[in-house]
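J.: Sequence:
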Amino acid sequence: MKKLSVELENCYGIKKLNYTFNFEIKNVNAIYSPNGVMKTSFARTFGDVSKNVESKDIIFPEENTTRKITDESGTELNPESIFVIEPYNADYRSSKVSMLLVNLILKEEYEKINIRLEQKKLELIQSLKLLTGLKNGIEERISKVFTKAEDQFYAAISRVKGEVLDEREPFFQNIEYAKIFTDKTAKLLQTTELRTKLKEYILKYDELLSNSKFFKSGVFNHTNASTIAKNLKDNGFFRANHSVNFISKSERQEIHNEEQLVEIIDKEKQEILNNSDLIRIFNEIDKLISVNDEVRKFREYLQEHVEILPALIDIDAFEDKLWISYFKSSKEIFRSLTEEYETGKNKIEEIIEQARNEATSWSEVIDIFNQRFSVPFKLSVGNQDDVILKATAPIVQFEFQGSKISRTVTESDLMAVLSIGERRALYLLNIIFEVEARKRSKVKTIFVIDDIADSFDYKNKYAIVEYLKDISRNDFFYQIILSHNYDFFRTVSSRLDMKRENKLNSEKEETGIRIKPEHYQNNPFKHWKNNLHNDNSMLISSIPLVRNIAEYSGDDEVYSVLTSLLHYKEETEKLTIKNLEEIYKNILKDKTSLKLENPEGKVIDLIFVVANETLGKPNDELNLESKIVLSIAIRMKAEMYMVSKIDNVVFWKNITSNQANELLEKYKEKFSSEYDIIQILEQVNLMTPENIHLNSFMYEPILDMSNHHLKTLYKNVLGLK
1 MKKLSVELEN CYGIKKLNYT FNFEIKNVNA IYSPNGVMKT SFARTFGDVS KNVESKDIIF
61 PEENTTRKIT DESGTELNPE SIFVIEPYNA DYRSSKVSML LVNLILKEEY EKINIRLEQK
121 KLELIQSLKL LTGLKNGIEE RISKVFTKAE DQFYAAISRV KGEVLDEREP FFQNIEYAKI
181 FTDKTAKLLQ TTELRTKLKE YILKYDELLS NSKFFKSGVF NHTNASTIAK NLKDNGFFRA
241 NHSVNFISKS ERQEIHNEEQ LVEIIDKEKQ EILNNSDLIR IFNEIDKLIS VNDEVRKFRE
301 YLQEHVEILP ALIDIDAFED KLWISYFKSS KEIFRSLTEE YETGKNKIEE IIEQARNEAT
361 SWSEVIDIFN QRFSVPFKLS VGNQDDVILK ATAPIVQFEF QGSKISRTVT ESDLMAVLSI
421 GERRALYLLN IIFEVEARKR SKVKTIFVID DIADSFDYKN KYAIVEYLKD ISRNDFFYQI
481 ILSHNYDFFR TVSSRLDMKR ENKLNSEKEE TGIRIKPEHY QNNPFKHWKN NLHNDNSMLI
541 SSIPLVRNIA EYSGDDEVYS VLTSLLHYKE ETEKLTIKNL EEIYKNILKD KTSLKLENPE
601 GKVIDLIFVV ANETLGKPND ELNLESKIVL SIAIRMKAEM YMVSKIDNVV FWKNITSNQA
661 NELLEKYKEK FSSEYDIIQI LEQVNLMTPE NIHLNSFMYE PILDMSNHHL KTLYKNVLGL
721 K
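FYI, the numbering used here numbers position 565 of the sequence shown as 565, with every residue one higher than the one before it.
Watch out, some of these pointers could steer you wrong.
[What the hints assert, rightly or not] In silico DSSO-like cross-links for lysine-lysine, where the CA-CA straight-line distance does not exceed 27 Å:
hint: 1; residue 1: K637; residue 2: K578
hint: 2; residue 1: K715; residue 2: K666
hint: 3; residue 1: K287; residue 2: K199
hint: 4; residue 1: K526; residue 2: K578
hint: 5; residue 1: K112; residue 2: K345
hint: 6; residue 1: K499; residue 2: K444
hint: 7; residue 1: K574; residue 2: K715
hint: 8; residue 1: K469; residue 2: K3
hint: 9; residue 1: K345; residue 2: K179
hint: 10; residue 1: K267; residue 2: K233
hint: 11; residue 1: K287; residue 2: K297
hint: 12; residue 1: K589; residue 2: K2
hint: 13; residue 1: K2; residue 2: K51
hint: 14; residue 1: K653; residue 2: K569
hint: 15; residue 1: K589; residue 2: K574
hint: 16; residue 1: K328; residue 2: K269
[Claimed, not checked] The calculated label-pair distances, taken between Cβ atoms and stated as ranges, are:
hint: 17; residue 1: L134; residue 2: G236; range: 30 to 36 Å
hint: 18; residue 1: E7; residue 2: L122; range: 51 to 57 Å
hint: 19; residue 1: E7; residue 2: S593; range: 48 to 54 Å
hint: 20; residue 1: E111; residue 2: A178; range: 30 to 36 Å
hint: 21; residue 1: Y675; residue 2: D535; range: 36 to 42 Å
hint: 22; residue 1: T712; residue 2: Q371; range: 33 to 39 Å
hint: 23; residue 1: D590; residue 2: D647; range: 41 to 47 Å
hint: 24; residue 1: E72; residue 2: E613; range: 40 to 46 Å
To be clear, the hints were calculated from the coordinates, so they are not data collected in a lab. Backbone N, C-alpha and C fix where the C-beta goes; we use that ideal spot for every residue, glycine too.
Using the sequences provided together with the hints, build the complete structure.
T.: Now the structure itself:
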């Protein structure tokens, strides 16, 4: 992408904005934008595009909105190609973190084994659905029954493999799990009253079995007999002319066909189950299990399958046997799954171990964060193998660094002790995850970065600058960096080696937002110093600079004289341009031959002449020196007015610091009813800073001021009578 054209109207306070960003030479643009001009609105509009939602104006929703963002060919941007980085969002989590932990070769190998396992497991689950009456949750139930955990399915089936594959027949057949094991029946079966009745039933049942002709308690009951009858029939036992002998103490009966076998079993079964004492106990149990609809369904099922009643005394053991019975009924499917698992188990363990030790792009992100950012914790991932192999969400661990020991803590506990700046650093971690994931996938992306360095200390601020520089090294990444902090704007412009057309300023005008290249690409003071003799705006704007040099070098006399040109003092109206020339020649060692025009003229008069000329210039022609001249003139006029109105020479001459504020407080005390004038004078105090220092961010307050507002305030001060 070489160009990005942005055309906005009525988007979150942006009345109108038309600008084409140039990415042809450099893939980064930086915009210095004072608070309240456009930063957040601009970023929010791009955020809407990334989410594929319409933009609007919140305050004036009835206004028609235009949003057209296209590349040099007129093609609108793909929403996926836009990523907006907010100043801070505590809830933001990158959705692409897992990508950084993926080793595709390991993952493919792991998935091949798992696909085969999943196919076998699905066959077993489908079979168990028919047998149990359950529709879902089968895998978790099996795991919990045999391991007490819900995620150990393979461990569960491995544990009971021997029992399932032995030659014994299933304990129970044709019993539906879903009809017995519900939340309400589980609670009911644990009640003391019901358990007492079940014990009574079992004692009577065992007694009847012990007196049975052919059945024997704990060895051969009617359930075993029915199972044997079924198996003999299924295997053609009687058709092969075999017979079975039933032997009791008093008789021996030879059975020659399945009809005789079923008849003798049913007869013996009915003699036991129709015993009056056993029926009485069952009826008492029946009353206890008729309390609501769900339990009544269980009761009805129990009436059809009275044979399971003795097993209910130990519900856990019954549940174990029931699942083993289901597995036995699906023995070949079960066998196939367990064999597949045993075959793949060792290989899976090798892959998991390798995954745990794998160095991935995640490590690179952690290294970037741990090495560059100053925070009291170190980062690691707690479940790297699961993330690599199973697409599980990563668990980030925070190792908090104490004075002598370290401790791993949760993110919520960590957030409770971090400062705002440290929380922002943690937010940046998620941003880095997103960026690195896009880098790994080579996703063409335009990053719109809104005041990302706000509220950071200098160490972390410069770490951010270095990371932005890293981003700029990728030719498929583009950045629009917005900042209200002029020092950060100048730093990022310099460190990322931006060209003239990429370093931009924004200003709010009546008709909309104006974006233009920064006027001073380098140090403005150097340019001013070279033009003191031919540009009066630069001559006057240099007064605060030279005054500070005098202050820092210990020249109190010069400092005092120049203070009289920034504040209205007794000497202010006496100082000539010749006086200023001599001071500049003395302080600025490379300007010893400086010659200024009109040496006898008063500096104060020149200040007002230049300020008045500035009033006539279009707003878009006002640069830094014009704003400084206006600021000096505004404050000087306001102080002259207040000194004249207060009319107390002793008070005025005894002010040694904060003169503008001292005069304003006195004025408010003496003329408290002059609300309109006091309001103008308070605006002067707010809009004209006391000092304009040497470094860039200390003249930021003047840069932040609208040209229109400064000119309006100067006109208002001129109107004070």
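J.: Take the hints in turn and mark each one as holding or not.
T.: Going down the list of hints, with the structure as the test:
Straight-line distance between C-alpha atoms of K637 and K578 comes to about 22 Å, which keeps the hinted pair within the 27 Å bound. Distance hint between K715 and K666 is fulfilled; the C-alpha atoms sit about 23 Å from each other, no more than 27 Å. Between K287 and K199 the alpha-carbon distance is near 16 Å, which keeps this suggested pair within the 27 Å criterion. Straight-line distance between C-alpha atoms of K526 and K578 comes to about 22 Å, which keeps the hinted pair within the 27 Å bound.
As the CA atoms of K112 and K345 are separated by approximately 13 Å, the hinted pair is consistent with the 27 Å bound. Of the supplied pair hints, the one linking K499 and K444 holds, its CA atoms being roughly 22 Å apart against a limit of 27 Å. For a cut-off of 27 Å, the pair hint linking K574 to K715 stands: about 25 Å separates their Cα positions. Proximity of K469 to K3 is assessed by CA-CA distance (about 20 Å); at most 27 Å being required, the pair is judged to hold.
Between K345 and K179 the alpha-carbon distance is near 35 Å, which puts this suggested pair outside the 27 Å criterion. For the given pair, K267 sits about 19 Å from K233 by alpha-carbon distance, which is consistent with the 27 Å threshold. About 13 Å separates the Cα atoms of K287 and K297, which keeps this hinted pair within 27 Å; it holds. Restraint check for K589 and K2: not satisfied, since their Cα atoms lie roughly 46 Å apart, outside the 27 Å limit.
The suggested pairing of K2 with K51 holds, with an alpha-carbon distance near 24 Å, which does not exceed 27 Å. Of the supplied pair hints, the one linking K653 and K569 holds, its CA atoms being roughly 8 Å apart against a limit of 27 Å. A threshold of 27 Å between alpha carbons decides the hint, and for K589 with K574 the separation of about 25 Å falls inside it, so the pair holds. Taking the CA atoms of K328 and K269, the gap is about 25 Å. The hint holds against a cut of 27 Å.
A C-beta distance of roughly 34 Å is found between L134 and G236, which places it inside the suggested range of 30 to 36 Å. Restraint check, E7 to L122: a C-beta distance of roughly 54 Å satisfies the suggested window 51 to 57 Å. Evaluation of the 48 to 54 Å hint for E7 and S593 yields a pass: the beta carbon distance comes to about 52 Å. Between E111 and A178 the beta carbons are some 33 Å apart, a value that agrees with the proposed interval 30 to 36 Å.
The hint said 36 to 42 Å for the Cβ distance between Y675 and D535, and at roughly 40 Å that hint holds. Distance hint check: the CB atoms of T712 and Q371 are about 50 Å apart, inconsistent with the given range 33 to 39 Å. Between D590 and D647 the C-beta distance comes to about 45 Å, which sits within the given range of 41 to 47 Å. A hinted range of 40 to 46 Å holds for the C-beta pair E72 and E613, which are about 41 Å apart.
Hints 9, 12 and 22 from the earlier list are contradicted by this structure; the remaining hints agree with it.
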